[in-house]
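Protein sequence lines correspond, in order, to chains A and B. Under our numbering, the first residue of the first sequence carries the number 1, and numbering increases by one thereafter. Under our numbering, the first residue of the second sequence carries the number 389, and numbering increases by one thereafter.
Heads up, some of the hints might be wrong.
Some, not all, of what chain B presents toward chain A, calculated at C-beta under 8 Å [unchecked claim]:
1) 484
2) 501
3) 506
4) 512
5) 515
6) 528
7) 563
8) 572
9) 706
10) 709
11) 711
12) 713
13) 720
14) 749
15) 750
Interface residues of chain B toward chain A, partial, derived using beta-carbon atoms under 7 Å [what the hints assert, rightly or not]:
16) 507
17) 568
18) 574
19) 579
20) 618
21) 643
22) 708
23) 721
24) 730
These are calculated hints, taken from the structure and not from any lab test. Because the structure is a prediction, the values reported are computed rather than measured. Glycine included, each C-beta is placed from N, C-alpha and C at the ideal position.
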Amino acid sequence: MHLSEVDRAFQLELRATFEQVPWSLREPIATDASLERETLVETHRLLHEAGLAVPHWPVEWGGRDWTPMQLHLWDYEMHRAGLFGPMATNTNLVGPVVHQFGTEEQKRRFLPRIASLDLFFCQGFSEPEAGSDLAAVRTTAIRDGDDYVVNGQKTWTSLAHMADWIFALVRTDPDAPRKQAGISFLLIDLRSPGVTVRPIRMIDGEAEVNEIFFDEVRVPADQLIGEPNQGWGYAKFLLGNERVGNAQIGHTKLRLSYAKRHAAEPLADGLRPVDDPGVARRIAELENQLVALELTALRVTGGSVDGRPDPASSVLKVRGTQLQQAVSELIMDLAGPDSSATYAGEESGIPRWARRSTGTYLNLRKASIYGGSNEIQRTIIATSILGL
Amino acid sequence: MDFTLDPDLRDLRQSVGQAFAKLDAASPLTPAGRQDAWRRVAELGLLDLGPDGLDPVALAQVADELGRTRIRIPLAETVVAWRLLERLGPAEVRATLLPAISGGTEIVALAHAVPRAPVGTAAHGVRAERDGADRWVLTGSKEPVPYAGWATSFLVTAVADGETRLFLLRRDEAGVEVLDYDTHDHVGAGRVTLDGAPAAALGGEAGTALAEAFAAGAAVLCAEAVGAMDAALSLTVDHLRTRRQFDVTLQRFQALQHRAADMCIELEMARSTASYAAMALAADPADTLAVSRAKVQVGRSGRLVGQNAIQLHGGIGITDEHPIGHYVSRLEAVEHAFGGTEIHLRELARALDTDASVELLT
């Protein structure tokens, strides 16, 4: 498939731009290192200054009015260069909700700071009793004068320990007839008195998710986005966008290219893992599945349009997370016995990619759980696409 | 082939199970907790692997119970060391070292793996040179060496006069440096660097002895993995029975029931092949193909059971704060020890032409 001359020039210009991003910001992705706040913030800042953080937003809020193909190329080239990309919680999750549903005043107040990452947002959806059953959220926000008073607990909050603000689903009408009806979408400053963030140690030793406790936290009422008790609709809109991001096609493609490189490096006996037909076929199969997914992503837009999620985003999420996990499994298997050395330091003779491989594999089990578990996605496919 | 346990083995299994449960309830992951566990295992006589001690079938019972816990002790690794010393060790080494191993005072770790070296019995990374008539010195490094931080001695594979041979050396010998670190399953491993370290040579060419010792170790790990899968499945079933979403317990969702059912099927396949491998080795320690069959099935089963166990637990399944992740992590480590699934499949593929079909009952 040939790109038009215009798109080809567009692609090459982006490629050149992304390849100029300092290696120090791309190396952590290339070598599977832990991601520091500084790396995320600096990457976002560079992209924002170049007008490349929110090209998919409406033009008046910094969007570039690109075609779907150009947006695809932008995303693809960012991953190809090993960039983490703009902070998706800001640019793909809370930003679109604010410009779709927020008041003019809220757009003016928040969108520029969301786009620039001056406010680093995390996502406060899941709760201990509200996982797959997200509408069961119990955290309450009760109106008191000009404020809402928030009480409750969120969990699995990614990067909350790095974030400044949180967008949270809160129950503003505990007496609503349906549990979906009494929910609102509230922006909360994490430095507010009464907020406690506790990192959760994960299976790979990292702490990337957190529990957040709200104890009588006062939040100005004008930080409730859109209308009270309409939050469930906004959340569904947001989740449609999140699923497409969760597919992680560009990142998986980058990781698979690393896997191919590792498989082509001779072992101590001079033979290359890829010389084993079993290994070669396994890589070829994954690469082909990824091709099918990338083509599908080009064919269907996914995401949320006209304020509603496109159920095709569930197709992208399920297959994308399956491939993300399968590639991590491949890399761990290529590492073989070297995959056990998870906590070895730089003095180890085992290359970092191999040392990190099991941690990454275990960590990525999350991909089929978060953003609506893959069981939830299959139910969406069965009901919304197939009409079952 | 008889899969039922005789009364002695049933008793052994029960007492071992009780002892491990008690140790697991204490502090299995601290250094002191691990040493308590090792002492207890020695007291129970489980480290006597001689002709009057535990055979592969009995070892499998012990390992299965071990797999149900978070206790990380070098049971399979000790079996490997024992088999090698028994077969290739000089008489005086066997007379002193084997009793010390079964008493729990000596831990001998095998230093064989080398970063980015192929899995097999050939030595890489360390060279042995003669230093006088009967003395050797070793130079090079080995990594990852499981339990390196805990070992009192190392059995090192090295290239000597062009062939793979085994050497024994004490950890505190001059020229031995150990860098130890934790592994994802908290067994711990390390890098052993040898700089002209003096070592005693064992037997001759070690290839066959290594292959059979690895098979003995792999059979123990297969049984351990069966115990871990069993524990992971029962935690998962409990979770499905108690976790409520959408106003019902998760067990009401057929899609989740079916995942649990698939885990059950995989577990039973693993259990059968792991038992078969142990029985085959008890009859013939050279039957490495039987172990390859078990290793392939246990590897595949372990992955499916582990992945589904986490999926059905949801978010808590990938935290360090819930036991399920420890089982999954251990299953992965077992998969990659003594040859991963793909390596053993290759062995089975190589043997395809041997028989028209696999005759299990001969």
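Results for each hint:
1. Here the hint on residue 484 of chain B is broken, as its CB sits about 31 Å from the closest CB of chain A, past 8 Å.
2. A hinted interface residue such as residue 501 of chain B counts as satisfied when its beta carbon comes closer than 8 Å to some beta carbon of chain A; here the least separation is about 5 Å, so the hint holds.
3. For residue 506 of chain B, the interface hint holds, since its Cβ comes within 8 Å of a Cβ in chain A; the closest pair sits about 5 Å apart.
4. A hinted interface residue such as residue 512 of chain B counts as satisfied when its beta carbon comes closer than 8 Å to some beta carbon of chain A; here the least separation is about 5 Å, so the hint holds.
5. For residue 515 of chain B, the suggested interface contact is broken, since its CB lies about 13 Å from the closest CB of chain A, more than 8 Å.
6. With a cut of 8 Å, the hint placing residue 528 of chain B at the interface with chain A is violated, because the nearest CB-to-CB distance is about 10 Å.
7. For residue 563 of chain B, the interface hint is violated, the least distance from its beta-carbon to any beta-carbon of chain A being 17 Å, above 8 Å.
8. Annotation: interface hint on residue 572 of chain B holds; nearest CB of chain A at approximately 4 Å, less than 8 Å.
9. Interface hint status for residue 706 of chain B: upheld, as the beta-carbon distance to the closest one in chain A is roughly 5 Å, under 8 Å.
10. Against a cut-off of 8 Å between C-beta atoms, the interface hint on residue 709 of chain B holds, since the closest Cβ of chain A lies about 7 Å away.
11. Interface restraint check: residue 711 of chain B against chain A, minimum CB-CB distance 11 Å, threshold 8 Å, status violated.
12. Checking residue 713 of chain B against chain A by beta carbon gives a least distance of about 4 Å; that is within 8 Å, so the hint holds.
13. Satisfaction of the interface hint for residue 720 of chain B is found here, the shortest Cβ-Cβ separation to chain A being roughly 6 Å, below the 8 Å cut-off.
14. Using the Cβ-Cβ criterion of 8 Å, the hint placing residue 749 of chain B at the interface with chain A is not satisfied: the shortest such distance is roughly 30 Å.
15. Of the supplied interface hints, the one on residue 750 of chain B is violated, with its beta-carbon coming no nearer than about 30 Å to a beta-carbon of chain A, more than 8 Å.
16. For residue 507 of chain B, the shortest C-beta to C-beta distance to chain A is roughly 6 Å, which falls under 7 Å, so the interface hint holds.
17. Contact between residue 568 of chain B and chain A, as hinted, is not supported at the beta carbon level, the nearest pair being about 9 Å apart and thus beyond 7 Å.
18. Checking residue 574 of chain B against chain A by beta carbon gives a least distance of about 9 Å; that is not within 7 Å, so the hint is violated.
19. Interface restraint check for residue 579 of chain B: the shortest CB-CB distance to chain A comes to about 6 Å, inside 7 Å, so the restraint holds.
20. Interface restraint check for residue 618 of chain B: the shortest CB-CB distance to chain A comes to about 20 Å, outside 7 Å, so the restraint is violated.
21. Hint status for residue 643 of chain B relative to chain A: holds, with the closest Cβ pair at about 6 Å, below 7 Å.
22. About 4 Å separates the beta-carbon of residue 708 of chain B from the nearest beta-carbon of chain A, less than 7 Å, and the hint is met.
23. Nearest Cβ of chain A to the Cβ of residue 721 of chain B: about 6 Å, under the 7 Å cut. The hint holds.
24. A hinted interface residue such as residue 730 of chain B counts as satisfied when its beta carbon comes closer than 7 Å to some beta carbon of chain A; here the least separation is about 6 Å, so the hint holds.
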